[in-house]
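*Asks:* Keeping the supplied structure of chain A fixed, place chain B upon it in accordance with the hints.
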Amino acid sequence: MNYVFQFGTLLREWPLLLDGLLLTLRLSLIAMVCGLALGAAGAIGSVYGPRWVKAGLFGYVEAIRNTPFLVQLFMVFLGLPALGLRLSPNTAAAVALTVNVGAYAAEIIRAGIEAVPRGQIEAGLALGLRQAQIIRLVVLRQALIAVYPALCSQFILLMLGSSVVSAIAAEELTAVANSIQSRTFRTFEVYSVVTAIYLALSLGLRQVFRIVYVRWVRAG
Amino acid sequence: MIRDFSSADLLILLRATQWTVALSAVAFLGGLVMALVIALMRTAGGRLPRMVSAAYVELFQGTPLLMQLFMLFFGANILGLPVSAWSAAAIGLTLYTSAFLGEIWRGCIEAVPRGQWDAARALGLRYPHQIVLIVIPQALRLATPPTVGFLVQVIKSTSLASILGFVELTRAAQLVNNITFRPLLVFSIVSVIYFMLCWPLSYLSRRLEARLAAGGVRSPQLEALDQDPLRIADSR
Chain A
0 MNYVFQFGTL LREWPLLLDG LLLTLRLSLI AMVCGLALGA AGAIGSVYGP RWVKAGLFGY
60 VEAIRNTPFL VQLFMVFLGL PALGLRLSPN TAAAVALTVN VGAYAAEIIR AGIEAVPRGQ
120 IEAGLALGLR QAQIIRLVVL RQALIAVYPA LCSQFILLML GSSVVSAIAA EELTAVANSI
180 QSRTFRTFEV YSVVTAIYLA LSLGLRQVFR IVYVRWVRAG
Chain B
0 MIRDFSSADL LILLRATQWT VALSAVAFLG GLVMALVIAL MRTAGGRLPR MVSAAYVELF
60 QGTPLLMQLF MLFFGANILG LPVSAWSAAA IGLTLYTSAF LGEIWRGCIE AVPRGQWDAA
120 RALGLRYPHQ IVLIVIPQAL RLATPPTVGF LVQVIKSTSL ASILGFVELT RAAQLVNNIT
180 FRPLLVFSIV SVIYFMLCWP LSYLSRRLEA RLAAGGVRSP QLEALDQDPL RIADSR
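In order, the protein sequence lines correspond to chains A and B. When the letters of the first sequence are read in order and numbered with numbering that gives the first Met the number 0, they come out as residues 0 to 219. When the letters of the second sequence are read in order and numbered with numbering that gives the first Met the number 0, they come out as residues 0 to 235.
Please keep in mind that the hints were generated in silico from the structure rather than gathered at the bench. This one's a predicted model, so the numbers in the text were calculated from it and none came from an experiment. Ideal Cβ placement from N, Cα and C applies to all residues, glycine included. One thing to keep in mind: the hints can contain errors.
Said to hold, decoys possible - Covered by chain B, per the in silico footprint, the following chain A stretches (three or more residues, Cβ under 8 Å):
1. 61–70
2. 139–150
3. 199–205
Chain A with its partners taken away, still in its complex shape (with noise of 0.2 Å):
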C-alpha cells in the first residue's frame, strides 16, 4: 500500500462541502414537511374516506413500500419529462422524497389513528364537536403523539435515504462528495469526511428528536 492520506486538499473545498450539506438539510426538510401533511391526510382518508379513497391509498402505500428508492426517483427525473413534465434535479428530489416519505407517513400514522380508543371519539361527540373537529383535534392530534417516535426514525432515515439522489445529480452532500472525488482523486478522503458529516447529521437530529418527544411530545 502506498497510498499518502492528504486531507488538506479537502480544507479548500469547504464551501462546496457546506453547499452540499445545506441542499441535504433543504431537501430533507422539505420531504419531512410536505410528507408528513401527505402521510396525515393520506391516513385520514385510508380510515375515513370513501371506499375508491382508500383502494387508491392502498395501491399507493404498497407500490411505494414495495419498490426501490432510486427506481422511483429515475421515474420522476426521467419518467415524468415523458408526459411533458420536465423537473430539474433538485426538484425532481424533492419530489420522489416526499412522494416516498409521504407513503411511509401514511402507513405509521393510519396505525396511530386506529390505536386510538373508540371512547375519546364518542367523548367528542358527546360534547358536541363535528366530525371534522374531532379528527383534527380528538384522533390526530393522539395518533401524532402515539406515532412520533416512528415518524422520526423515518425521518432520519429518510436523510440518510437522500444520499440517493446524487444518481441524478442533485447537487447535495454526497454529489458534492462525487464531484470533489473525480476532480482531485482524494477518494478515500472525501468519502470518510462525508460519512462523517452524515453521522454527525443523524446522531445530531436523532438528539433534537429526543429532546422534544421528552420535554414535549410524551409529557402530552
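*Replies:* Coordinates of chain B only, in the frame set by chain A:
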C-alpha cells in the same frame, strides 16, 4: 442509436433480476449470521462487547448505505485491495443488514422474560445452553415477522449496487433505457418486477405479525422497536 423496446429488452431485465435476487440472498444470509453475533454481543454480560456492538450499530444505522458502499468499493481499491462491485455490494449490504437485524433481534432477546433465564440457571445450564436451548427458541418466534419484513428492505437496497456499476435490475433498466429511450415503460416494468419480489414478503410478514398478535405474545417494547428502529423513544 435508438431502437425500439422489444422482447429482447424484457429478457435483459429478467436476467438482471437474477442478480438482484442473488445479491439479496447473499446479503440477507450473510446478514443473518452477523446479526446473530451482534445481537448476542448487545445482550452479553460484559461491557466491552456491548460497547463495541452498540458503536457498530450506530455507525451503520447513522450513515447512508450509499456512503458505506462507496467507502468499501473505492476505499478498498485505493488501499490496494482489489474489490469488485459485486463483492463491495455484497459485503456492504451484509454489514448494513446485520446492524438493523442485530438491533431487532436484541429487542426479541430482551423480550424473553427474565424468569426464563433464571429458570435455565436454576436447572444448572450454563450461558451457551441458556441462550441456545431456552432463549433463542422463544426469541425466534418474535423475530420472524420483522426479519421477513427486513428482507424487503434488503431487496430494495440492492438497487444501490447499480450506482457502483454492478448490473442488477436497476442498472439494467438504465442501460435498456439508454438504448430504447422509453423511460416510462422501462422503469414501470422494473417497478412491477421489484413489486412482485417484495410484496409477497411484505404480506407474509404482516400475516405472521397478525398471528403473533392474536396469540398475545407480542410485547409492547418490541412493537415499538419495530416501528422505531432508531430508538427515538428510548431516551436513556
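*Asks:* Each hint: holds or not?
*Replies:* Evaluated hints:
| no. | hint | verdict |
| --- | --- | --- |
| 1 | 61–70 | holds (count 9) |
| 2 | 139–150 | holds (count 4) |
| 3 | 199–205 | holds (count 3) |
In summary, this structure violates none of the numbered hints.
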